[in-house]
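Participant: Quick mapping for you: the protein sequence lines, in order, are chains A and B. Here the first sequence is numbered in the working numbering, starting from 13 and rising by one per residue. Here the second sequence is numbered in the working numbering, starting from 4 and rising by one per residue.
Since no wrong hints were added, every one of them can be taken at face value.
To give a feel for the contact side, a few chain A residues facing chain B, derived at Cβ under 10 angstroms: (1) Phe41; (2) Tyr45; (3) Glu47; (4) Pro79; (5) Ala80; (6) Ile82; (7) Asn84; (8) Ser85; (9) Gly231; (10) Ala233; (11) Thr280; (12) Ala281.
Heads up, simulated DSSO-like pairs for lysine-lysine below, C-alpha to C-alpha not over 30 angstroms straight-line: (13) A:Lys219 with B:Lys20; (14) B:Lys90 with B:Lys37; (15) B:Lys183 with B:Lys127; (16) B:Lys248 with A:Lys219; (17) B:Lys171 with A:Lys217; (18) A:Lys43 with B:Lys37; (19) A:Lys65 with B:Lys248; (20) A:Lys43 with B:Lys236; (21) A:Lys219 with B:Lys236; (22) A:Lys217 with B:Lys82; (23) A:Lys65 with A:Lys43; (24) B:Lys82 with A:Lys219; (25) B:Lys248 with A:Lys105; (26) B:Lys37 with B:Lys76; (27) A:Lys217 with B:Lys76; (28) A:Lys71 with B:Lys236; (29) A:Lys65 with A:Lys169; (30) A:Lys65 with B:Lys236; (31) B:Lys234 with A:Lys218.
Simulated coverage check for chain B against chain A, where a stretch passes if three residues somewhere in it have a Cβ under 8 angstroms from a Cβ of chain A: (32) 49-58; (33) 216-230.
For the record, the hints were derived by calculation from the structure and aren't laboratory data. Using N, Cα and C, we set each Cβ at its ideal position, and we do this for glycine too.
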Amino acid sequence: MSNKIDLSTNIAGVQFDNPVIMASGTYGFGKEYSEYVDLNQIGGISVKGLTLKERKGNKPPRIAETPAGILNSVGLQNPGVESFIREDLPFLKNYKTKIIANIAGNTIEEYCEMAEILGDSQVDAIEMNVSCPNVKAGCLAFGTTPKGIEEITSAVKKYCKQPLIVKLTPNVSDIRSIAIAAEGAGADCISLINTILGLAIDINKKKPILANNFGGLSGPAVKPIALRMVYEAAHAVKIPVIGMGGISSWEDAIEFMLAGASAIMVGTANFVNPIIPVEIVNGIEKYLESHGHTNLNEIIGKLELND
Amino acid sequence: MGNILNEQIVNTKMLCKDVFKMTISSEYVASNAKPGQFVNIRCGGLDAMLRRPISICDVDKSQNTFDIVIQVKGRGTEKLCSMCQGKVDIMAPLGNSFMIDDKHENICVVGGGIGTFPLLYLLKCSQAANKTALLGFRNKESVVLEDKFRAAAGNVEIATDDGSYGKKAFVTELLEEKIKSQKPDIIYTCGPAIMMQKVSAIAEKNKIPCQVSMEQRMGCGIGACLVCACKTKNGNNWEFSHVCKDGPVFWSTEVCWD
Numbered sequence: 013m014s015n016k017i018d019l020s021t022n023i024a025g026v027q028f029d030n031p032v033i034m035a036s037g038t039y040g041f042g043k044e045y046s047e048y049v050d051l052n053q054i055g056g057i058s059v060k061g062l063t064l065k066e067r068k069g070n071k072p073p074r075i076a077e078t079p080a081g082i083l084n085s086v087g088l089q090n091p092g093v094e095s096f097i098r099e100d101l102p103f104l105k106n107y108k109t110k111i112i113a114n115i116a117g118n119t120i121e122e123y124c125e126m127a128e129i130l131g132d133s134q135v136d137a138i139e140m141n142v143s144c145p146n147v148k149a150g151c152l153a154f155g156t157t158p159k160g161i162e163e164i165t166s167a168v169k170k171y172c173k174q175p176l177i178v179k180l181t182p183n184v185s186d187i188r189s190i191a192i193a194a195e196g197a198g199a200d201c202i203s204l205i206n207t208i209l210g211l212a213i214d215i216n217k218k219k220p221i222l223a224n225n226f227g228g229l230s231g232p233a234v235k236p237i238a239l240r241m242v243y244e245a246a247h248a249v250k251i252p253v254i255g256m257g258g259i260s261s262w263e264d265a266i267e268f269m270l271a272g273a274s275a276i277m278v279g280t281a282n283f284v285n286p287i288i289p290v291e292i293v294n295g296i297e298k299y300l301e302s303h304g305h306t307n308l309n310e311i312i313g314k315l316e317l318n319d
Numbered sequence: 004m005g006n007i008l009n010e011q012i013v014n015t016k017m018l019c020k021d022v023f024k025m026t027i028s029s030e031y032v033a034s035n036a037k038p039g040q041f042v043n044i045r046c047g048g049l050d051a052m053l054r055r056p057i058s059i060c061d062v063d064k065s066q067n068t069f070d071i072v073i074q075v076k077g078r079g080t081e082k083l084c085s086m087c088q089g090k091v092d093i094m095a096p097l098g099n100s101f102m103i104d105d106k107h108e109n110i111c112v113v114g115g116g117i118g119t120f121p122l123l124y125l126l127k128c129s130q131a132a133n134k135t136a137l138l139g140f141r142n143k144e145s146v147v148l149e150d151k152f153r154a155a156a157g158n159v160e161i162a163t164d165d166g167s168y169g170k171k172a173f174v175t176e177l178l179e180e181k182i183k184s185q186k187p188d189i190i191y192t193c194g195p196a197i198m199m200q201k202v203s204a205i206a207e208k209n210k211i212p213c214q215v216s217m218e219q220r221m222g223c224g225i226g227a228c229l230v231c232a233c234k235t236k237n238g239n240n241w242e243f244s245h246v247c248k249d250g251p252v253f254w255s256t257e258v259c260w261d
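Taking the hints into account, I'd like the entire structure generated from these sequences.
Facilitator: Here it is, written out as structure tokens:
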């Protein structure tokens, strides 16, 4: 590793050693992957979506492979926020990787309560999931209108001791207005995109493959959509943007940063190649070096559109 | 613990229509694999991105190789079966394993179709005095690896759905007959869910401990993504366990079959 290249990135006051963060829902609570990857080499981990109380999740099948992607309907299976703090966070705090608690609720009050509980914990930031397509109540409903985003962000922000990241859904017609609403209501950062609502069909059974019928699409198939939305959102707000959606290589990561992302999240690609985060970190460094850059700020948002 | 490995394919052989045996050279897997565990194997390409979980069928420690048997079901398995040489990217060995207890003198495995394969290595590893394999296939053409099962178990009985080979029966009927003549100390089963449910019910009725190897669509294969849910009992309640990490082997009494 070259000493000249600075890979650190600052997200709302939290200094990440590098811009590669593991996306919520794809990395559990880090332990499983720690057998394959040195978690110290990863900038951050956004943990499995947490709810106020334990959630069992949806019936299986919960996954379907689609062209260049996957469709999932896990339905936020998790042990609940307090169990996470007690049982899982101490393990993660053995590493220098930054920990983002991803929270999802059925009501604004639930989000506020979780933010308050996490305030006394050692998590570095809170990512508010208002965009999960796999739960019937709450969650996505808050994330699809500027008014909904504004209402929930301003309420939860009051309870946050850590920076608040609002994770946006792509299932909207105008991402800019949603991003602006989040910023206006006090979000410290926005992350996008969550999965895109989709359907996969078993033609022999004439039934959906997923027990929950619809699921969230992720993987390389969504990358062009995610890139466009990250570009639009990053140019609509002044707060930092974390970009994600189909990132499977360091080249993908560079594209997202050029589009305006201060950090990126890797999700589905972890299932295919568990050491992909380290490969991406190394690739970003080599890219910066070969282009004569010394830090990430020299590429973040530097995409020049054609005339 | 599982490892990410890039291993050499020794050969790939067609056993019957759409079923292939792949032999892979791997000192790590040959030394560490336990019966019931699986490998998560990368097919490659954007049209079959996810790794495929495939049971370990057999291990040859003297050659440092292991076998997997793959049934062509879609794009990924089709791609895998076409790989005859070169290297494969695998995560292995993964999952828990069948419990082998030296106190068990009579063991019985009950396999259906492609589910028969992980039971072969189990039979080879068991030191039981009496080993029975009850295997069910669709028809004569789909009966494979019979010679290997005969070498691993003293007693092998085969049932086919259409009676074109062995006995025209369901493999569960063979089990009921077996129990009448000699009650096994433990039953191990792998195959279609409906078959394993029936085997579990027979085992429970006869008060025989029974282990089942469950199957579910997987994402990561190591317990992080939580997609391969399997409903299991938890006291008076239930929970979703995960086939890749908590399984694939469960006690039959743990599983909620509804």
